[in-house]
Amino acid sequence: MKAESVTQHNPSTRPKPRKEFHKLKDYTSSYLFVLPALSFLTMFSIIPIIYLIWLSFYSYSLPSPPEFTGLGNYTQMLKDKLFIKSIGNTLVYTAGSMVIGLSGAIAVAVLLNRKLKGIRLFKVFYFLPTITSEVITAMIFLWVFDNNLGILNYILKVAGVENPPAWLLQPGTAMLILILIGAWRGTAYNIPIFLAALQAVPQSLYEAARIDGANAWKQFWHITLPSIMHILVYCMVMSVIGSFQVVAVVDILTNGGPMDSTMVAIKHIWQQAFEFNYVGYGAALSFVLFPFLLFVTWLQLKLSSGKDK
Amino acid sequence: MKKAVLYLFITLLVLAGCQSNSEGSSGEKMNVEPPDRDLAADGLPEFNEKVADLPKTDLEIWLAADYVNTAPIKDAIEEFKEVYPNISIKTVGIEWGDMPNKIKLAVSSGAVPDMGHSHAFAMGAQGLAEPVDDLWEDWGEEDKFLPGGIEDVVWKDVKYGMPIDVNTTIYLYNKKVFEENGITEPPKTLDELVEVSKKVTSKEDGRYGIVTSASGWSFFGNVVAAGTNNLKFDGDNITANLNDPTIVETMEKFTGLATKDKASPVPPPQQRQTDHPVAMFGSGRAASFISGPWDIARIKNEFPQAYEDLATAPLPGGGEGSVLGGGSLFIPKGSENKVASFELMKWFVSDKYAMRLAKEEGRHPVKAHLYEDEFYDDPLLKPYVDTLQSAIPYKLEAFPEANDAWGKALRAVFDGADPKKQLDKAQEIAEQAIEKSN
Chain P
3 MKAESVTQHN PSTRPKPRKE FHKLKDYTSS YLFVLPALSF LTMFSIIPII
53 YLIWLSFYSY SLPSPPEFTG LGNYTQMLKD KLFIKSIGNT LVYTAGSMVI
103 GLSGAIAVAV LLNRKLKGIR LFKVFYFLPT ITSEVITAMI FLWVFDNNLG
153 ILNYILKVAG VENPPAWLLQ PGTAMLILIL IGAWRGTAYN IPIFLAALQA
203 VPQSLYEAAR IDGANAWKQF WHITLPSIMH ILVYCMVMSV IGSFQVVAVV
253 DILTNGGPMD STMVAIKHIW QQAFEFNYVG YGAALSFVLF PFLLFVTWLQ
303 LKLSSGKDK
Chain V
3 MKKAVLYLFI TLLVLAGCQS NSEGSSGEKM NVEPPDRDLA ADGLPEFNEK
53 VADLPKTDLE IWLAADYVNT APIKDAIEEF KEVYPNISIK TVGIEWGDMP
103 NKIKLAVSSG AVPDMGHSHA FAMGAQGLAE PVDDLWEDWG EEDKFLPGGI
153 EDVVWKDVKY GMPIDVNTTI YLYNKKVFEE NGITEPPKTL DELVEVSKKV
203 TSKEDGRYGI VTSASGWSFF GNVVAAGTNN LKFDGDNITA NLNDPTIVET
253 MEKFTGLATK DKASPVPPPQ QRQTDHPVAM FGSGRAASFI SGPWDIARIK
303 NEFPQAYEDL ATAPLPGGGE GSVLGGGSLF IPKGSENKVA SFELMKWFVS
353 DKYAMRLAKE EGRHPVKAHL YEDEFYDDPL LKPYVDTLQS AIPYKLEAFP
403 EANDAWGKAL RAVFDGADPK KQLDKAQEIA EQAIEKSN
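Sequence order for the protein chains is P and V. Counting from 3, one number per residue, gives the positions in the first sequence under the numbering used here. Counting from 3, one number per residue, gives the positions in the second sequence under the numbering used here.
Hints are computed from structural coordinates only; laboratory data are not their basis. Heads up, a few of these hints could be off.
To be verified - A few chain P residues that face chain V, going by a derived Cβ cut-off under 10 Å, partial list only:
(1) LEU64
(2) SER66
(3) GLU69
(4) THR71
(5) GLY74
(6) ASP82
(7) LEU144
(8) GLN172
(9) PHE222
(10) LEU255
(11) THR264
(12) GLN273
Unchecked claim - Negatives, chain P to chain V, calculated, CB over 12 Å:
(13) ASN217
(14) ILE233
(15) VAL281
(16) LEU303
(17) LEU305
All C-beta atoms in this analysis are idealised placements derived from N, C-alpha and C, irrespective of residue type, glycine included.
With these hints in hand, go ahead and build the complete structure from the sequences.
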């Protein structure tokens, strides 16, 4: 290595940086441009989060003023069996809808990535569930699965099934239907993302693999999957976050029943805060859910990075 | 220079954002003269000097979304403004179920509307409504109202609003199917209801005898018809009575129609329970169901064939009466326009507009004498009018957690749980909720 180059990279020989104050002054107009966005973020994200944390230590029933209860809401949470059950239900829903949704999305994206006739029409068709509102989706599935008036049981009866299942009235099938709806929507949302990722994989890799005699499965396993792994992790994280926020479909289809088997975390929080008017307790439940979600996301990233290696 | 212009622009933007755009009463006096016509003769409230003397006043009223744009309500507002040009009215439509939450937030933030639409007793119980006893006393027309209607606005002997309409539940059945099965009279007791429902159930025809509902409000009608209540009232002291033996027995028999006797489908799990029975009855897949007069019009419009064979009767039970429904108007806590707002309520329930609400919208009046109108000569409406006299408001709604526990207990029993155990559990929750509210 030449002496000059060492001198050039020696920090002690670098010109002294200008004072931060001067930098700030130089960038004043830039900061002013981001000020509206920053104010928006502060007003609608940062302040509410701080307020939520503060509120979680209070007993607050509108319109009475909040009363400090310390850790009261948190100790109450430990005795709240329904909250614990709702977390369990949410995890089951998340795992089910994520596994089915992501596998489905990858499978469809791989198919759509091939140059088939009429593929554009299919792309539109598969994307439809995403642009349909959650409420409409729930209504459609209600018409399908209703015990007495649903089309599925009508078909089963015509086919000779005397007592078709009461889909939404049994804990197992009710949750399964919710998972299927979540997966259906998740598949539609993730297909374009996977499709874009697949189109970025160099074709030369597949050509080389084919020359080496690799079949379609081996090509998928050794080329496609590792190439889209970063996108898969992103979609997994987004699916977990999305699944933890599910509420409208549950509200319309099962209302948390039967026997609380589909009661999910957000619905429980909503009920406590806005239906029963325990705003402070609702805040505490939300606050607990946040690090929990953070942990699940971290775990997922950790596991995925392990796989990458 | 450019920077200076930019700073000026941002400063103006910030100032514009900070500028208050609140509009209230301007304080400007107007000379409002009584109209040249006799308002009372037109079925309207008499000219109110106190309202005419008010300065220019802006009222913001929040009505249920399915009321706000109806012709009778819009016309009542227009006519009111003609008589009192000093009062301007802004209407906002809010979903019925969202109203309590929106009112809670409005009262807490201090930006209150001048009128809300829900159950005034529940709003009063939660400290969200202004007491209006003085205004009722000034008006002096309380005795014209149905007692049940007044009950909808009273909490612990204080009136918190004005009922706008009432309804109650009745028994609707297919008289042709009943006659074909040799049943000439509708059931009068719960046991008879079970027997009749079993008798008209036909597997061959794919028909249930009845469609039960898992609505806690609707089931309360059966409880009242059985001669009891899920709350006990002793002056201002209210206690839970959810596991009363009569209620346990009623729940057992009622849910048994679906779970044991197979004379009814198990109700769907959705919160809204009203569409399913109408569809089952209208399509001929059920011979009877329990609902209110609103479904008479619905069957007439949506299932004309089923309407031809429709008959109605009071709710079967040991006692008499049912649950009292409908809604009431109230003045949210903190509103400064009580007098004008109360006057507008009087217009909504006036003979003219109450009858229009009944005939055009199927919302029945709260004033007893209006039931003498020939509109109520319809034999299908007779059981409804009779039941109305002894219908009781569903006051458990004042305690949201107890209300939820009651609904959950009913749902759980339909899903196979034991009625006694479920009602004991609900009773415990209700006791705690009532305790907390005190």
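We went through each hint and held it up to the structure:
no.: 1; hint: LEU64; in the structure: holds, 4 Å
no.: 2; hint: SER66; in the structure: holds, 7 Å
no.: 3; hint: GLU69; in the structure: violated, 12 Å
no.: 4; hint: THR71; in the structure: violated, 13 Å
no.: 5; hint: GLY74; in the structure: violated, 13 Å
no.: 6; hint: ASP82; in the structure: violated, 13 Å
no.: 7; hint: LEU144; in the structure: holds, 7 Å
no.: 8; hint: GLN172; in the structure: holds, 9 Å
no.: 9; hint: PHE222; in the structure: violated, 41 Å
no.: 10; hint: LEU255; in the structure: holds, 7 Å
no.: 11; hint: THR264; in the structure: holds, 8 Å
no.: 12; hint: GLN273; in the structure: holds, 7 Å
no.: 13; hint: ASN217; in the structure: holds, 47 Å
no.: 14; hint: ILE233; in the structure: holds, 37 Å
no.: 15; hint: VAL281; in the structure: violated, 9 Å
no.: 16; hint: LEU303; in the structure: holds, 37 Å
no.: 17; hint: LEU305; in the structure: holds, 36 Å
When the structure is compared with the earlier hints, violations turn up for hints 3, 4, 5, 6, 9, 15 and for no others.
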